[in-house]
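Protein chains: 2
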Amino acid sequence: MIRIIVKQFVKPDLIDRYIEIMKEMVAKTRELDEGCIEYGLFQDSKDPQIITLIEGWESQHALDKHMDSTHFKEIIPPLSTFFEKPEEVNIYRPVGEKRK
Amino acid sequence: MIRIIVKQFVKPDLIDRYIEIMKEMVAKTRELDEGCIEYGLFQDSKDPQIITLIEGWESQHALDKHMDSTHFKEIIPPLSTFFEKPEEVNIYRPVGEKRK
Chain D
1 MIRIIVKQFV KPDLIDRYIE IMKEMVAKTR ELDEGCIEYG LFQDSKDPQI
51 ITLIEGWESQ HALDKHMDST HFKEIIPPLS TFFEKPEEVN IYRPVGEKRK
Chain G
1 MIRIIVKQFV KPDLIDRYIE IMKEMVAKTR ELDEGCIEYG LFQDSKDPQI
51 ITLIEGWESQ HALDKHMDST HFKEIIPPLS TFFEKPEEVN IYRPVGEKRK
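Those protein sequences? They're chains D and G, same order as listed. Number 41 in full-length UniProt numbering belongs to position 41 of the first sequence; there are no gaps in the numbering. Number 55 in full-length UniProt numbering belongs to position 55 of the second sequence; there are no gaps in the numbering.
For the record, the hints were derived by calculation from the structure and aren't laboratory data. Honestly, I wouldn't trust all of these hints.
One copy or two, it doesn't matter: identical chains are merged, so the pair holds either way.
In the BS3-like style, the derived pairs of lysine-lysine whose C-alpha atoms are separated by at most 27 Å in a straight line are [what the hints assert, rightly or not]:
1) K46 <-> K73
2) K46 <-> K65
3) K65 <-> K11
Given the structure is predicted, the values throughout are model-derived calculations rather than measurements.
For reference, chain D alone in the conformation it holds in the complex (with noise of 0.2 Å):
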């Protein structure tokens, strides 16, 4: 298994439209893509700034293919203007578990 955990921080004048276009994402990844065991959008309870994707995928495979996917290609490239400063993306196994 692999978790993605991908903190982005929004201008806040485009916070709104991000979430809008993120919902058809998630929409999107949760219908098409094999091996998705999460996808999930989720907003930071002190800062509406930051809203982060929390991701779980069965194998580096599944997770390949959601990135080689239309939708991906599509909806995500253009939305790192949306952001006040770069994401961090964390790639997460769990403790003890060989890679798969």
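With chain D fixed as given, assemble chain G onto it according to the hints.
Chain G only, in chain D's frame:
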């Protein structure tokens, strides 16, 4: 629902000991704490010093009870000496969900 991401930066020589201690914390939390949706320990695939707790709680009440538990009070506070720099804690709500 509440999601919490606790990103910790563990001193290199204490990683194994830290993981050993936290495995007990994870087991007790999953077993004893009602309303626990997820409580898992994950290690960054590039930087083994970054070890992150991904948590999910049904409500603020469930989270409060967890932080008031014996295992939390006994295990968590001493761990701060294991860290190279302060942990990053983000408390999240699903986008669009009102507080419960």
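A quick look at each hint next to the structure:
1. K46 <-> K73: between (31 Å within a copy, 24 Å between copies)
2. K46 <-> K65: Close across copies (21 Å), not inside one copy (34 Å); limit 27 Å.
3. K65 <-> K11: neither (29 Å within a copy, 35 Å between copies)
Checked against the numbered hints listed earlier, the structure breaks hint 3 alone; every other hint is satisfied.
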